[in-house]
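Colleague: In order, the protein sequence lines correspond to chains L and V.
Residue 1 is where the first sequence starts when you use the numbering used here, and the numbers rise one by one after that.
Residue 1 is where the second sequence starts when you use the numbering used here, and the numbers rise one by one after that.
No wet-lab data here; the hints were simulated from the structure.
Built from N, CA and C at the ideal position, the CB exists for glycine as well.
Among the clues, some could well be false.
As the list claims (entries may be wrong) - Here are the simulated lysine-lysine pairs, BS3-like style, with alpha carbons at most 30 Å apart:
(1) L:K136 x V:K357
(2) V:K363 x V:K378
(3) V:K79 x L:K136
(4) L:K136 x V:K226
(5) L:K104 x V:K363
As the list claims (entries may be wrong) - Footprint (simulated), chain L over chain V, 3 or more residues, beta carbon under 8 Å:
(6) 53–62
(7) 78–91
(8) 193–200
(9) 358–368
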Amino acid sequence: MIKTTKSGIPGFDELTSTDEFPGGIPLSRTTLIYGPPKTGKTIFANQFTYDGLENKLPCLYITADQGIKQLTMSMMEFNWFLQSYIESGDIYIIDGISQLGGVKLDDSVNYKTTTIGNPAELMIKVGIGSRYVYRKCPDFRSVLDSTTTMFAFNPEQMVLRVLNAYIRRNNEAGGAGLMTYTEGSTTDKTEQQLLSLFDNLIRMDGDTITIKSEYNQSENPDNFKSVYSIGEKGIVVDH
Amino acid sequence: MKKTHIPKLDDFLGGGVPKGSSLLFSAVPGVECEAFGYQILNGFMEDGNKGFIFTNVAEPSNITYEFSRYGWDLETRIKQGEAFFIDGASSFIGMPPDGKYIINNHEDVYEMVKKAIKDVEDGVGIINNLSTLIDYNDPDEIIPLIKGWNEEASKRGTVLVYLFTEWDYKPDLIESIRECFDCVVSLNSIEERVIIGQGFMVTSASWTKPQTHMVLFFIMQPGGVKIYIPKILVTGPYNAGKSSFVKAISQKSVSVDRMALEKFPTTIAMDIGHLDHGGFVADIFGTPGQERFDLMLDILAKEAVGAFILIDSSAPQTFARAKEMINKTHSEAIPNIIVANKQDLEGALSPEQIRQKMNLNDKIPILPTVVTAKTDVKQALDTLLKHLYG
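Chain L on its own, in the form it takes in the complex:
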């Protein structure tokens, strides 16, 4: 049976739970959250990250949309305070965007800067970061927010290659991987290729959340579909 970890999203684990599947986010797999802009994909990823940190599950977090400062501040809007976990080393952040703005931040043990346009360097840091969080706890979490920025700065085929390598790295290490992607930000062909890399897909359209999983299937596809809302404590899925 596939091992899972709690999503930290009220209602989500119950929605995805079946006789064969315990519900939640699978370990040794990577899940893609996708949908139109501003539908809560980043909030989902951050809620998942923070839930892990509160439960002593370390996280490798690659931020490509927001620099570390913006990330910390946007999480604070939901009362998710990252700073203490940065200091304790429970979160390992790879910041792919701050350098692009010309900011020269110093690296630390668990904070690394890179350029999102340099996929080879990003993968090196993913390798080091995976080892770091794996040694803290084999049931670690791994988040990449978002792949959309990577597509904006690199040839699309190259990004697919990198994501493929990243998924392999995460799955071999046994972590619960989560990536986000904004629909329509690449060509249709690339988008199809991207979706085909994942065996667990979560689509959020602003009202409805739909989960499509290759290993957790139901005769009735509506079983993994529900409405959700975003409040001051994050996302809540109706169940």
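Given chain L, put chain V in place with the hints provided.
Modeller: Chain V only, in chain L's frame:
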């Protein structure tokens, strides 16, 4: 011959690389590659040669900053006209370009790099990164492009160093690319769920028969590429034969022992050996087996890249302790094999019986041996090395 200034690499290549030769550093994703190119450029400049970097992955200011992290002053070299950039990155990410040559269209890359090769005759050019070039161009165009640059470099005496990440390209494309070069250096990883070590190995060199040993390295900032002798751990319960095993696989070894019950020696601190097997060099650290020395396990196990777990096949009552020692030395997180010793004794269990008793998964190899007679010791060593290096 020109020196690469990468430790060990010049020795492997018969003293360095000939003028005008082309080198490919081919890395599996996740293994550090850029430092090799930057260190070669820095070394060439220290030897009084000129050089350039073609970049399509990071803006020149970021690379200059990266150089400073290694302790190398690229900025002054550029000001003094010893080095320059071909900036093939900035224009594509909306940053102000900065370099002697600026790429605004991918079609211009070929001619610009050719000009640069001519500008640094007898010097060096670093192509960072070949992988990104492939995805910006038609795959059919990449081989003629590499061959054209390499021909120009050969004519001008310029050494060309390409940095390449082996993403999931078709194997025949990778093969065709490798065939374009005078020398290929493979950069590989040692993995056990996560990357625990990195190594380089010369795969081919047209001017010499290279030594093809794998050399483990790490990257220091400041410092650059540093090689190190890997550490292999030998652990297991009391009286399983660890010290004998360290002696059997090492050319040189020493044990810190004392007589147990005044009858036979038992290790009270550690065994240390040095192994040189088929070009693979390693330090061997053997742990004591008695519980009262467990405080040393963590220290002895630190940074090990592989582990032998010694067990006495005729003493199943010690298997629980063996599992405890695997946990205490974190040996499950590095490539490891079980050496089922004392197979000559009455009541010795078979590998399958041991697997069942110890509840080990099928992936962990169990090698039956008689260490004192050196039976199958070499096989145990080969199995771990194969596990380490694939």
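Colleague: Which of the numbered hints are not met once you compare them with the structure shown?
Modeller: 3, 5, 7 and 9
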